[in-house]
Amino acid sequence: MNDFLIPQHVNSFHRANPVAKLLCMILLFMLTLFTHRLDFVFYQMACFLLLLLLFSGHRFWKISLIILPFLLVFIASSSTMILFGKGDTVWWKWGLIQISQESFYRGIHIGFKSVTFAMEGLLFVLTTPSVALFYALMQKAKLPPKYAYSFMASIRLLPMVWEELLIRRNALRIRGVRSLRGGMKWLGILKLYMVPLLAQGIRRAHRVAVAMETKAFDGQGERSYYYPSEYSKSDIWVILLLSAAVAAALLMSILLPPFGITDVRYR
Amino acid sequence: MGEVQLQKGSKGLKLSDLLVTVLISVVLGVVYHFWSSVYSLLSPLFFQADELVYGMWFIASTLVFLLIRKPGVALIAEVAAAHVEVLFGSGWGIQLLIYSLFQGLAAELVFAAFRYRKFSAPVAGLAGFAAAVGSLLPDIFYGYVADYEPWMFIAKYSMRAVSSVVIAGFLAYSLAKAVEKTGVTSLLRPVESKDMAALDD
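Heads up: the protein sequence lines correspond to chains E and R, in order. What the first sequence shows, in the numbering used here, is residues 1 to 267, in sequence order. What the second sequence shows, in the numbering used here, is residues 1 to 201, in sequence order.
Pulled out of the complex, with its shape left as it was, chain R reads as follows:
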């Protein structure tokens, strides 16, 4: 019983949590690689249509949090995914890291606001929305987006917000549910009192 207590007590991230977080982000980095072609396919549809799939860039933080359910992983996942992109020598260089910091931090704050206890689709959606807000901050300094015509500003960011809620929220949730069914998540999740009770039966 002493060992079990010890495990329950340690709240920090273990190497296994970190490695899983970073590796999922790497997998998502591969997905991003294909996603950027979807992204550019959509562009000719109408101007800024690519914003409709923008939420995919935030999925690392929500998906990893829904899978691992520990504090801090949302931020690390987003930064790790950006790091992969930078490593590939993508044209979008170091600014990706700055964006990922803001986006990951915003998503992390939402999960923290629910004290890391809520893993529902709406909470993930809210975190995705927060990540979109996080991406607005560097946009203001970098892209001077406040100097767009007002209608353009509203159109661009409302599309981004909707896509973040749908993709980083609800799609991430359904993916996490599907991965849960495979049973791998039991490797990662902290031991709950419910599981302890099951041992006593």
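Bound conformation, chain E alone:
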């Protein structure tokens, strides 16, 4: 899709079947979502960071560049809870703001959770080309081809949408439409951009869809695929590695708990 996202080297994570990987990721997501133990989430984050650095197949600086914004995610998701969460052991109070021990730990717990989700998602996205994902979903998860092909076609159409946006911007500029400020004028601007983009998008999508229908991309039942999607030994490796990461996180959280908080929820 993009040169930037072509991995430097390929390993079991890249060779594994996307459906198997997706299932693992959903299970991991559930695990993280229902973890209320601060130490466990912290080590989950650490373990997935390690997996990401070791197995994504990308250079270190690239990964660092991508995960830098996760800091913002951490702050955005934790701040409200830290400042406005329930808690009894008050550390600091100023007007409506009240930082308590409980709310602070709960806040950073949410932050760690968000970053863990982001790492899990990134591990999947960086090791799976989206075409491979949709071919695997069609062959292994019985996703009807019309869904898979419409997603794949839309991804291909995305650059055209982007180009149209730039053309529209230049057209408006040449016609002397100034960026309007204040009041409800942004609504007008929004419409100036959205209506032609949407109309043109609908026209183009419809045209492409008619062509695809005549070539039976919406076919029912058995069909052959250009890219066969198979399970392999790599799937077992990935499952083992991910399980090992979770086991390591659990073990570390029992042996070396940095916070010693077992449940961040308010009683």
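Don't read these hints as lab results, they were simulated from the structure. For every residue, glycine included, the Cβ atom is placed at its ideal position computed from N, Cα and C. Some hints here could point you the wrong way.
[Stated by the list, open to error] Now the stretches of chain R that chain E is said to cover, found in silico as 3 or more residues with beta-carbon under 8 Å: (1) 78-86; (2) 165-178.
[What the hints assert, rightly or not] Pulled from the structure, derived: some chain E residues nowhere near chain R, Cβ distances all over 10 Å: (3) Gln8; (4) Trp94; (5) Ser103; (6) Ala205; (7) Ala244; (8) Leu250; (9) Phe259.
[Claimed, not checked] The calculated DSBU-like cross-link candidates involving lysine-lysine, where the alpha carbons are at most 30 Å apart (straight line), are: (10) E:Lys142 - R:Lys181; (11) R:Lys14 - E:Lys140; (12) R:Lys118 - R:Lys177; (13) E:Lys93 - E:Lys142; (14) E:Lys140 - E:Lys191; (15) R:Lys194 - R:Lys181; (16) R:Lys181 - R:Lys14; (17) R:Lys118 - E:Lys191; (18) E:Lys233 - E:Lys62; (19) R:Lys181 - E:Lys62; (20) E:Lys142 - E:Lys233; (21) R:Lys177 - R:Lys194; (22) E:Lys140 - R:Lys181; (23) R:Lys14 - R:Lys194; (24) R:Lys181 - E:Lys191; (25) R:Lys14 - R:Lys177; (26) R:Lys194 - R:Lys118; (27) R:Lys118 - R:Lys14; (28) R:Lys118 - R:Lys181; (29) R:Lys14 - E:Lys215; (30) E:Lys191 - E:Lys62.
Got chain E; can you put chain R on it based on the hints?
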């Protein structure tokens, strides 16, 4: 006439419906890209002010439904828009997909409750409100929002509800009306008996 009957009979989504749904969501994905800067501009105004524009994240489901008017598109649109975000490697990873499932499903249920026959602004507003409620469910497990101070909880979610009704409801409706004027929606909508009658005249 036989062919026309056949078209009327098939209720499922065709590839063209799906492709249009997903592509509109992709366009909205581009809009979201800019919207997140509006979102972060508002944040310093006062705490949680960003909730005032939260409804934009629900606009995919209502807008696409108002344009295509077929069952199922509201859910697919919301998931497709989230999928675009995930694909871009946004920091908000896989949780977006879970949120989109809940939000899209909630909006879809509202449209289904009106048997997919009502396309008015209030119904779209109600669907936007439902999507906001849908987003509350994962929030409880993920963000422990029930453990906010009660006033904060109420302030946050009432702002979100208002913005959902206004943006995902009324703004989506006015956008859909404006797009309708261009005439492209006639490509997509199911043939109605009114149109059939027009042929006989």
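Do the hints match the structure? See the list:
1. 78-86: Since three or more residues must qualify, the claim that chain E covers the region 78-86 of chain R holds, with 4 doing so at under 8 Å.
2. 165-178: Our answer is that it holds, as 4 residues pass the Cβ test (under 8 Å) against chain E, meeting three.
3. Gln8: holds (16 Å)
4. Trp94: holds (13 Å)
5. Ser103: Violated: least Cβ distance 8 Å, not greater than 10 Å.
6. Ala205: Answer for Ala205 of chain E: violated, closest chain R Cβ roughly 4 Å.
7. Ala244: Label holds. Min Cβ-Cβ 21 Å, cutoff 10 Å.
8. Leu250: For Leu250 of chain E, whose nearest Cβ neighbour in chain R is about 20 Å away, the distance exceeds 10 Å, so it holds.
9. Phe259: At about 16 Å from chain R, Phe259 of chain E clears the 10 Å cut-off, so the statement holds.
10. E:Lys142 - R:Lys181: Roughly 39 Å separates the two Cα atoms, so the pair is violated.
11. R:Lys14 - E:Lys140: holds (22 Å)
12. R:Lys118 - R:Lys177: holds (14 Å)
13. E:Lys93 - E:Lys142: violated (55 Å)
14. E:Lys140 - E:Lys191: Answer violated: Lys140 of chain E to Lys191 of chain E is near 42 Å, above 30 Å.
15. R:Lys194 - R:Lys181: The given pair, whose Cα atoms are some 19 Å apart, holds under the 30 Å limit.
16. R:Lys181 - R:Lys14: holds (24 Å)
17. R:Lys118 - E:Lys191: OK: Lys118 of chain R and Lys191 of chain E at ~24 Å, within 30 Å.
18. E:Lys233 - E:Lys62: Roughly 28 Å separates the two Cα atoms, so the pair holds.
19. R:Lys181 - E:Lys62: violated (46 Å)
20. E:Lys142 - E:Lys233: holds (22 Å)
21. R:Lys177 - R:Lys194: holds (20 Å)
22. E:Lys140 - R:Lys181: Roughly 43 Å between the alpha carbons, so the hint for Lys140 of chain E and Lys181 of chain R is violated.
23. R:Lys14 - R:Lys194: Holds. Lys14 of chain R to Lys194 of chain R sits at ~22 Å (cutoff 30 Å).
24. R:Lys181 - E:Lys191: holds (13 Å)
25. R:Lys14 - R:Lys177: holds (23 Å)
26. R:Lys194 - R:Lys118: Satisfied, since the Cα-Cα distance of roughly 16 Å is no more than 30 Å.
27. R:Lys118 - R:Lys14: Holds: Lys118 of chain R and Lys14 of chain R sit about 21 Å apart, inside 30 Å.
28. R:Lys118 - R:Lys181: holds (19 Å)
29. R:Lys14 - E:Lys215: Given that 30 Å is the threshold and the Cα spacing comes to 14 Å, the pair holds.
30. E:Lys191 - E:Lys62: It is violated: about 37 Å lies between the C-alpha atoms, which goes past 30 Å.
Of the numbered hints given earlier, the model fails hints 5, 6, 10, 13, 14, 19, 22, 30; all others are met.
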